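Peer 1: Residue numbering for the sequence shown follows the working numbering, beginning at 25 and increasing consecutively.
Think of the hints as simulated: they come from the structure by calculation, not from any bench. As the structure is a prediction and not an experimental result, all values here were calculated from the model. Among the hints, erroneous ones may be present.
Once the Cα atoms are required to be at most 25 angstroms apart in a straight line, the calculated BS3-like pairs of lysine-lysine come out as [as the list claims (entries may be wrong)]:
1) Lys122 to Lys107
2) Lys119 to Lys109
3) Lys109 to Lys122
4) Lys107 to Lys119
Ranges between beta-carbon positions, derived for each pair [to be verified]:
5) Gly52 to Arg155: 17 to 23 angstroms
6) Val50 to Gln95: 21 to 27 angstroms
7) Pro40 to Phe158: 19 to 25 angstroms
8) Phe158 to Arg110: 36 to 42 angstroms
9) Gly112 to Arg136: 22 to 28 angstroms
10) Lys107 to Trp143: 17 to 23 angstroms
11) Glu154 to Ala116: 34 to 40 angstroms
12) Leu166 to Thr138: 31 to 37 angstroms
13) Arg56 to Lys119: 36 to 42 angstroms
14) Arg165 to Ala124: 28 to 34 angstroms
15) Gly38 to Phe158: 16 to 22 angstroms
Just so it is clear, CB atoms sit at the ideal spot from N, CA and C, and this is done for glycine as well.
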Amino acid sequence: MTRVDIFTDGACRGNPGPGGWAAILVSGPHRREITGYAPETTNNRMELQAALEGLRHLKQPCEVDLYTDSQYLRNGMQSWLAKWKRNGWRTADRKAVKNADLWEALDAEAGRHTLRWHWVRGHDGHVENERCDFLANEAIRLRGPVPA
25 MTRVDIFTDG ACRGNPGPGG WAAILVSGPH RREITGYAPE TTNNRMELQA ALEGLRHLKQ
85 PCEVDLYTDS QYLRNGMQSW LAKWKRNGWR TADRKAVKNA DLWEALDAEA GRHTLRWHWV
145 RGHDGHVENE RCDFLANEAI RLRGPVPA
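Start from the sequences and build out the full structure, keeping to the hints where you can.
Peer 2: What follows is the structure, encoded as structure tokens:
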């Protein structure tokens, strides 16, 4: 099984506001950077989108180590997701799960792989996390509204 490291980050100008996401996929000597933009979103949605798009780029089942600076993403996938699914996509206090569309899609993509989730402290000098942060913000800058 191919082993892949995926590094992800999301960014948002305002919350909600224009957002960007980035993922870096590394497998042996191969490296790919992908980014995207949303005109009106939240930071949490961009964090989820980054992981989702990173996993979508894998053409076959892989052994994946996914690195994120989002506790929301990591805790959601490792701790909360199974409970939400059992509760019909409701939280413990019976409220609808926010971003359920992305959580469901991420759950489906994650299910194709052997996946380990890792949290890294954001803005703390982690080379790949800093690069993802730059790329996510660059996606906003390049595609976002031009300031007046």
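Peer 1: All hints are to be evaluated individually against the structure, with a verdict given for each.
Peer 2: Tested hints:
no. : hint                                 : in the structure
1   : Lys122 to Lys107                     : holds, 14 angstroms
2   : Lys119 to Lys109                     : holds, 13 angstroms
3   : Lys109 to Lys122                     : holds, 13 angstroms
4   : Lys107 to Lys119                     : holds, 13 angstroms
5   : Gly52 to Arg155: 17 to 23 angstroms  : holds, 18 angstroms
6   : Val50 to Gln95: 21 to 27 angstroms   : holds, 23 angstroms
7   : Pro40 to Phe158: 19 to 25 angstroms  : holds, 22 angstroms
8   : Phe158 to Arg110: 36 to 42 angstroms : holds, 39 angstroms
9   : Gly112 to Arg136: 22 to 28 angstroms : holds, 24 angstroms
10  : Lys107 to Trp143: 17 to 23 angstroms : holds, 20 angstroms
11  : Glu154 to Ala116: 34 to 40 angstroms : holds, 35 angstroms
12  : Leu166 to Thr138: 31 to 37 angstroms : holds, 35 angstroms
13  : Arg56 to Lys119: 36 to 42 angstroms  : holds, 37 angstroms
14  : Arg165 to Ala124: 28 to 34 angstroms : holds, 30 angstroms
15  : Gly38 to Phe158: 16 to 22 angstroms  : holds, 19 angstroms
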